[in-house]
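Participant: Sequences listed follow chains A and B, in order.
Numbering-wise, the first sequence is residues 5 to 193 according to our numbering.
Numbering-wise, the second sequence is residues 5 to 193 according to our numbering.
If you're looking for bench data, these hints aren't it; they were derived computationally from the structure.
Below, simulated PhoX-like cross-link-like pairs (lysine-lysine); rule was C-alpha separation at most 25 Å, straight line:
1) A:LYS86 - B:LYS25
2) A:LYS115 - B:LYS105
3) B:LYS168 - B:LYS105
4) A:LYS105 - A:LYS25
5) A:LYS86 - B:LYS86
6) B:LYS99 - A:LYS105
7) A:LYS85 - A:LYS99
8) A:LYS9 - A:LYS168
9) A:LYS99 - B:LYS105
10) B:LYS25 - A:LYS87
11) A:LYS105 - B:LYS115
12) A:LYS99 - B:LYS87
Reference listing, derived: stretches of chain B covered by chain A, where coverage requires no fewer than 3 residues with Cβ under 8 Å from a Cβ of chain A:
13) 35 to 41
14) 57 to 67
Far from chain B by the CB rule (all over 12 Å, computed), these chain A residues:
15) ASP10
16) ALA14
17) GLY54
18) ALA106
19) THR108
20) GLU135
21) PHE162
22) PRO164
23) PHE185
Here a beta-carbon is modelled for each residue, glycine too, at the ideal position from N, C-alpha and C.
There are 2 protein chains.
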Amino acid sequence: MQLLKDRIIAEGRVLNSSILKVDSFLNHQIDPFLMKVMGEEFAKRFKTDGVTKILTIEASGIAVAVMAGLALNVPVVFARKKKSSATVEETYAAKVYSFTKAETNYITVAKHFMPSNERVLIIDDFLANGEAALGLAEIVRQAGSTVVGIGIVIEKAFQPGAKKLADAGYRVESLARIASFENNKVNFA
Amino acid sequence: MQLLKDRIIAEGRVLNSSILKVDSFLNHQIDPFLMKVMGEEFAKRFKTDGVTKILTIEASGIAVAVMAGLALNVPVVFARKKKSSATVEETYAAKVYSFTKAETNYITVAKHFMPSNERVLIIDDFLANGEAALGLAEIVRQAGSTVVGIGIVIEKAFQPGAKKLADAGYRVESLARIASFENNKVNFA
Numbered sequence: 005m006q007l008l009k010d011r012i013i014a015e016g017r018v019l020n021s022s023i024l025k026v027d028s029f030l031n032h033q034i035d036p037f038l039m040k041v042m043g044e045e046f047a048k049r050f051k052t053d054g055v056t057k058i059l060t061i062e063a064s065g066i067a068v069a070v071m072a073g074l075a076l077n078v079p080v081v082f083a084r085k086k087k088s089s090a091t092v093e094e095t096y097a098a099k100v101y102s103f104t105k106a107e108t109n110y111i112t113v114a115k116h117f118m119p120s121n122e123r124v125l126i127i128d129d130f131l132a133n134g135e136a137a138l139g140l141a142e143i144v145r146q147a148g149s150t151v152v153g154i155g156i157v158i159e160k161a162f163q164p165g166a167k168k169l170a171d172a173g174y175r176v177e178s179l180a181r182i183a184s185f186e187n188n189k190v191n192f193a
Numbered sequence: 005m006q007l008l009k010d011r012i013i014a015e016g017r018v019l020n021s022s023i024l025k026v027d028s029f030l031n032h033q034i035d036p037f038l039m040k041v042m043g044e045e046f047a048k049r050f051k052t053d054g055v056t057k058i059l060t061i062e063a064s065g066i067a068v069a070v071m072a073g074l075a076l077n078v079p080v081v082f083a084r085k086k087k088s089s090a091t092v093e094e095t096y097a098a099k100v101y102s103f104t105k106a107e108t109n110y111i112t113v114a115k116h117f118m119p120s121n122e123r124v125l126i127i128d129d130f131l132a133n134g135e136a137a138l139g140l141a142e143i144v145r146q147a148g149s150t151v152v153g154i155g156i157v158i159e160k161a162f163q164p165g166a167k168k169l170a171d172a173g174y175r176v177e178s179l180a181r182i183a184s185f186e187n188n189k190v191n192f193a
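Let the hints inform the model, and build the full structure from the sequences given.
Facilitator: Structure representation (structure tokens):
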């Protein structure tokens, strides 16, 4: 999506060979209009897939997921991150390792909001190693529901996440795909 | 706002004399259309106040704040919650005590996204003891910007937050004001 690529070029900050900061419009400060356009783009790409629910993860996935939910007229559920595995009986949980933070978190979703037989669109802000998306997909599997696809705002195509998700049989739709970072510059795939 | 009150009556669960769970449309599962209507209502109430930025707090405040930001055409910044006070030089921080969780968190905002001379609308999902709103207002004060008002989705008017904010001189606009919980029933103010 050109609008997103333009913003990444204008405002993204390449911190090292794998970290891109886009906290001026996505991860800390949020541009509501860009979220709306991106949410509508996800809705367009999945409009014939019978999506009944969107699943995302706190906090940066929420804004774009809610805009996609508005366009598709479906509810959005956000998984919560927890440090410990202590979950109550009423939640589904999956383990997610963060390479950036070098720590394991658990993500949880109340069973009540993820019943069986839903057709779930997973949305997240970044795809790098695929840990978060695989964790969300694991929760959908535990619930007995179906992942119809995974919508990603920014895919770092040089990291293994996209291949892992494809190998697991998931359809991935990314709004911007980054091939590499070179000399603090972003090269799109 | 009647639409919100109807949802609270239909889906809110009163857990004890002070806790109301509305996680089917606000705090865990999110109803995007309701968020849009509420965001537009905040925009209407503050449309002549020259708002230049919205400040909220992760995670439940983000959806409605982004809808308000879309309607007012201003960026949204969400404060991050942290367990420790270890902040870097580039952030503003304030201490927030959670009575529900009986723990102190620190909320932080990158200085870069909260410059001076902004006219800031604070938005949050709940107002109970006022700790979160006061922490957000403290960050705006540190930045040398102005709080033009505080928009709250659900105010528990029987708890001291609203009075604390009024005493501190802040204008509070709540979409639903709850006077009390009685026999698992919500009484609006």
